[in-house]
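Residue numbers (my numbering), protein chains in the order written: chain H, 1 to 393; chain V, 394 to 786.
By construction, these hints were calculated from the structure, which means they are not laboratory data.
Model, not experiment: these values are computed from the prediction.
Just to be clear, a hint being listed does not mean it is correct.
Short derived list, chain H residues pointing at chain V, Cβ under 8 Å [said to hold, decoys possible]:
hint: 1; residue: Asn274
hint: 2; residue: Ser300
hint: 3; residue: Asn315
hint: 4; residue: Thr384
hint: 5; residue: Glu386
Stretches of chain H that chain V covers, calculated by requiring three or more beta carbons in the stretch to come under 8 Å of a beta carbon on chain V [said to hold, decoys possible]:
hint: 6; segment: 284-297
hint: 7; segment: 304-313
hint: 8; segment: 351-364
hint: 9; segment: 373-382
Cβ atoms here follow ideal geometry from the backbone N, Cα and C, with glycine treated the same way.
Residues per chain are reported as follows:
2 protein chains.
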Amino acid sequence: MRKFLAAMRNHPPIAVELWDGERISACKGPPEVVLHIKSRGALWGIVTNPDLYFGDAYIVGAVEVEGRLLRLIELASNNRPDFIKESTWFGKLMGLVAGAPRVNTPEDAIENIHHHYDVSNEFYQLWLDRDHMQYTCAYYDHPDATVEEAQTAKLHHVCRKLRLKPGDRVLEAGCGWGGLARFMAREYGAHVRAYNISHQQLVFARDKARAEGLDELVEYREADYRDATGEYDVFVSVGMLEHVGKANYRELGGVVDRCLTAEGRGLIHTIGRNRPRVMNRWIEKRIFPGAYPPTLGEMSEIFEPYDFSVLDVENLRLHYERTLDDWRQCFEASRDTVREMFDERFVRAWRLYLEGSIHAFRNGDLQLFQIVFQRGRNNDVPWTREHLYRHDR
Amino acid sequence: MRKFLAAMRNHPPIAVELWDGERISACKGPPEVVLHIKSRGALWGIVTNPDLYFGDAYIVGAVEVEGRLLRLIELASNNRPDFIKESTWFGKLMGLVAGAPRVNTPEDAIENIHHHYDVSNEFYQLWLDRDHMQYTCAYYDHPDATVEEAQTAKLHHVCRKLRLKPGDRVLEAGCGWGGLARFMAREYGAHVRAYNISHQQLVFARDKARAEGLDELVEYREADYRDATGEYDVFVSVGMLEHVGKANYRELGGVVDRCLTAEGRGLIHTIGRNRPRVMNRWIEKRIFPGAYPPTLGEMSEIFEPYDFSVLDVENLRLHYERTLDDWRQCFEASRDTVREMFDERFVRAWRLYLEGSIHAFRNGDLQLFQIVFQRGRNNDVPWTREHLYRHDR
Numbered sequence: 001m002r003k004f005l006a007a008m009r010n011h012p013p014i015a016v017e018l019w020d021g022e023r024i025s026a027c028k029g030p031p032e033v034v035l036h037i038k039s040r041g042a043l044w045g046i047v048t049n050p051d052l053y054f055g056d057a058y059i060v061g062a063v064e065v066e067g068r069l070l071r072l073i074e075l076a077s078n079n080r081p082d083f084i085k086e087s088t089w090f091g092k093l094m095g096l097v098a099g100a101p102r103v104n105t106p107e108d109a110i111e112n113i114h115h116h117y118d119v120s121n122e123f124y125q126l127w128l129d130r131d132h133m134q135y136t137c138a139y140y141d142h143p144d145a146t147v148e149e150a151q152t153a154k155l156h157h158v159c160r161k162l163r164l165k166p167g168d169r170v171l172e173a174g175c176g177w178g179g180l181a182r183f184m185a186r187e188y189g190a191h192v193r194a195y196n197i198s199h200q201q202l203v204f205a206r207d208k209a210r211a212e213g214l215d216e217l218v219e220y221r222e223a224d225y226r227d228a229t230g231e232y233d234v235f236v237s238v239g240m241l242e243h244v245g246k247a248n249y250r251e252l253g254g255v256v257d258r259c260l261t262a263e264g265r266g267l268i269h270t271i272g273r274n275r276p277r278v279m280n281r282w283i284e285k286r287i288f289p290g291a292y293p294p295t296l297g298e299m300s301e302i303f304e305p306y307d308f309s310v311l312d313v314e315n316l317r318l319h320y321e322r323t324l325d326d327w328r329q330c331f332e333a334s335r336d337t338v339r340e341m342f343d344e345r346f347v348r349a350w351r352l353y354l355e356g357s358i359h360a361f362r363n364g365d366l367q368l369f370q371i372v373f374q375r376g377r378n379n380d381v382p383w384t385r386e387h388l389y390r391h392d393r
Numbered sequence: 394m395r396k397f398l399a400a401m402r403n404h405p406p407i408a409v410e411l412w413d414g415e416r417i418s419a420c421k422g423p424p425e426v427v428l429h430i431k432s433r434g435a436l437w438g439i440v441t442n443p444d445l446y447f448g449d450a451y452i453v454g455a456v457e458v459e460g461r462l463l464r465l466i467e468l469a470s471n472n473r474p475d476f477i478k479e480s481t482w483f484g485k486l487m488g489l490v491a492g493a494p495r496v497n498t499p500e501d502a503i504e505n506i507h508h509h510y511d512v513s514n515e516f517y518q519l520w521l522d523r524d525h526m527q528y529t530c531a532y533y534d535h536p537d538a539t540v541e542e543a544q545t546a547k548l549h550h551v552c553r554k555l556r557l558k559p560g561d562r563v564l565e566a567g568c569g570w571g572g573l574a575r576f577m578a579r580e581y582g583a584h585v586r587a588y589n590i591s592h593q594q595l596v597f598a599r600d601k602a603r604a605e606g607l608d609e610l611v612e613y614r615e616a617d618y619r620d621a622t623g624e625y626d627v628f629v630s631v632g633m634l635e636h637v638g639k640a641n642y643r644e645l646g647g648v649v650d651r652c653l654t655a656e657g658r659g660l661i662h663t664i665g666r667n668r669p670r671v672m673n674r675w676i677e678k679r680i681f682p683g684a685y686p687p688t689l690g691e692m693s694e695i696f697e698p699y700d701f702s703v704l705d706v707e708n709l710r711l712h713y714e715r716t717l718d719d720w721r722q723c724f725e726a727s728r729d730t731v732r733e734m735f736d737e738r739f740v741r742a743w744r745l746y747l748e749g750s751i752h753a754f755r756n757g758d759l760q761l762f763q764i765v766f767q768r769g770r771n772n773d774v775p776w777t778r779e780h781l782y783r784h785d786r
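Using the sequences and the hints given, assemble the complete structure.
As structure tokens, this is what we get:
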């Protein structure tokens, strides 16, 4: 461990304290963060199975971080020894802690966080924006926007990109708690049919729509988006593609092709990558089973087979860093409530996920793409993109 | 031929008149365009080798079009019989004329237009914009912009997307007559090193730069862009990627990777496709040897291997249709001069190329992509794209 820390570049202000009180430091001055490894077993677990074990060890308290977790992740990622090959942010952290090659994961010791805990609507209501319950990247259209304002701005940005107008028939694939669908109906007079397979989210979405008098305009269907029928002027999907899986992109394009009118417009909003890489294994195991953020090149399988024309791509990566940090602050402000709802392990898992994600977007490991497209022969395209920026707020 | 015309959808207002005066018509009313086929040989050539032969037959006058050539191309393309499989616009036209399967091209009867004729700077000066000599898509930022204004707006649009500022060191790959390089120096105070392999264009570019007192800021190098050396804040390439060839995209990305600073910005402006298809054979043979317009998916080979992050993609397809139509009008206004400089064949070849290209962009066969990118870990990104639209004109 000492050798490992000494090999780190720039003598980062990190110290490791072992279970017997021995402290090892890479830095010359005082450390900014101290990683406490509580037992020989924890060190062994981290050394033999770093990619998955550190996250689990952090959750159960077998390791502790003195100082901000994000800072440890950053320092580990940015100063890793040259002999550790580049990996995800988490792999880099593991590299720091373990200095061991990545090994296969054994049988899961902890179930994925969604299966283990009954993660309720109430939990997300504690820290997502109140108005729209958006669990996707916001759009901070002015520097001092709150997350509430930025989520509203995101919804407008999406609707403007789609040139949404009264009477438009919208197909939404993966609607979460239904905030975008209600927004499109209320603010733009659109008719939205939204697909989601989460029963719990749909109960919430329907209640909200009824309470707001929007149930004539919005229909939530508890079904796979691939079962969509009918004809639509607009296709929209915000934060679903991450869960679709690369092998299914062509099928997704086929659903859009089947449902969209000749003059229809489409938008996909998704986490992505600059180059193909597997998802961080801990996040994939514990937080988002099956998640895969694609590159633009990989996404072309959605569009090219059907002659869809990509009109506009915007990368909002740093908006997601800020969204996550706003969520994190709300989350930490509610952590006592969260602990009561679940337990300390849950609080720690969620903290690790939020901090790790902040780092991933800040560090360029993850991107956020909004892609606007329509059919190749449709000449009804906006002449410029000025309409997205010159409007009444 | 009669059978073929009868099979066309919607009874398009096309007639074919054969060498012996026989007229065959697909339409019920009077035709809008008449295709005159002047000899049995011409019909035979078109039938046996449609893809290449029609263009050549048109050039030499073995076929004539009464009415606007573009209209014939459009009608043929949009109403082709169902038994003709989809192809490029030109293949569709050939399908109309010939109803024959595509066959291999024999030895060229006519050399490619650039080799056959010494296409001079003076020729392009007759019909390109006077100020910047831009032989690439313009940007019509307001509805009644002239092509002169739209080319100036395009250059500003490119510079704003690159956030160009005084003192920036720019690497330009493929500079044509050097208009963008001079504009960047004059309007933004940038230092530009521009690569081009055309001696004739560079003589013009250097003369212009000297005359404008810009030769301290602009350096034109007669060399392949792959030979570029040095370090740059900006990489820009407008209208070169079409000529690079798919197999060389990774190498192009490598050149950018080698030359761009950690904080550098890049922009590629190129003709593209919605899905992979070969270039129209006549255009490829006669006008742009080796040209290949890529899809966004194909272009990812430039970016992904080097962790370049795509920030912004804009599709300006209909701006190119309008640019081409403005060029065509200037070209036709100068056709007597062009005929004197070259001959009637040249006039006809160029007309066919311009009309065919107008159709290709209008019909969605070709796209125009502007792609902004920078390194994956560079967080100096504009917060929104509003700066492209809110500025002093």
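TODO: Hint by hint, work out which the structure violates, then give me just those numbers in ascending order.
DONE: Per hint list: zero violations.
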